[in-house]
Amino acid sequence: MPDVRHVRTLFLSDVHLGSKAAKADFLLDFLRCHEAETIVLVGDIVDGWRLKRSWYWPQNCNDVVQKLLRKARKGTRIVYIPGNHDEFLRDFPGVHFGGIEVANQIMHVAADGKRYLVLHGDEFDVVVRNARLLAYLGDWAYDAAIAINMVLAGVRRRLGMPYWSFSAWAKLQVKHAVNFIGAFQDVVAEEARRHDADGVICGHIHHAVIQDIDGIRYINTGDWVESCTAVAEHFDGSMELIAWRAPIPIARGDRIASARAPEAA
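No gaps in the numbering here: position 87 of the sequence shown is 164 in the numbering used here, and each next residue is one more.
Any given hint could be a false lead.
As the list claims (entries may be wrong) - With a straight-line cut-off of 30 Å between C-alpha atoms, the simulated DSS-like cross-links for lysine-lysine are:
#1 Lys129 to Lys148
#2 Lys148 to Lys97
#3 Lys191 to Lys151
#4 Lys144 to Lys129
#5 Lys97 to Lys129
#6 Lys148 to Lys191
To be verified - Each pair of labels, with its calculated beta carbon distance range:
#7 Arg192 to Gln136: 38 to 48 Å
#8 Glu114 to Gly292: 22 to 32 Å
#9 Gly175 to Gln136: 14 to 24 Å
#10 Ser315 to Asp291: 12 to 22 Å
#11 Arg130 to Asp289: 12 to 22 Å
#12 Gly152 to His272: 20 to 30 Å
Keep in mind that the hints were calculated from the coordinates and are not lab data. Owing to the predicted nature of the structure, the values given are computational and were not obtained by experimental measurement. We put the beta carbon where it would ideally sit given N, CA and C, even for glycine.
Can you make the complete structure from the sequences, with help from the hints?
See below:
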């Protein structure tokens with residue numbers, strides 16, 4: 078059994094269970110290696126959009142769900158904040174499913190007393206809010222990029238090369254996407270300020286980062302489709318961005334640490 082790291086809180090989002098691109102095996106490995114008092118699922122854990130188009134639910138998706146339910150039974154508090162892909166859960170705020178609590182957003186108080194507004198973030202995406210058809214078209218285009226990503230990952234693996242995300246690279250080559258990420262971060266940080274919070278923790282745009290924006294700590298948990306990232310709060314209140322991709326755990330840093338390598342997609 079691998080060494081288990083104990084943290085105060087884990088935040089993860091954008092797993093997209095039900096999508097062929099979801100790296101459920103990597104997440105399952107991550108969950109085996111981490112124990113937390115609280116786990117916050119920051120939206121798009123289940124990909125309802127794709128499941129509506131065609132049903133895809135392999136055993137590893139069941140394994141992730143069962144792992145989370147098992148942690149809840151053993152005393153871990155688990156909060157599920159729905160995103161746009163699992164928005165069907167937004168009709169059940171305050172309801173508990175197998176010990177997992179549903180909330181549209183929460184105010185997380187860290188061990189050092191800092192307050193973090195936690196939400197998925199799609200409510201600040203103008204495309205998702207005001208042009209659903211365009212959002213769906215963008216989702217299909219993203220599927221195509223992910224399919225290319227899976228092929229390239231297989232080729233690179235056979236050549237002994239490390240994992241590299243074509244879809245993440247392609248997204249960052251588009252000036253509009255880069256501008257959108259910056260605008261999204263600014264508006265979400267402003268929402269945290271409006272709630273008198275010290276920071277904000279969100280997902281949605283699949284761009285993992287911890288940074289300060291005009292005095293607000295902006296934290297994006299990333300995803301489990303491209304980057305395999307999560308955010309851990311330690312018992313002193315410090316936040317760590319974890320990328321589950323290096324062969325062995327390395328020293329914890331102020332900004333990011335790497336852990337074992339994910340298996341191939």
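- [ ] Check each numbered hint from earlier against the structure, then list the numbers of those it violates in ascending order.
- [x] Of the numbered hints, just 11 does not hold.
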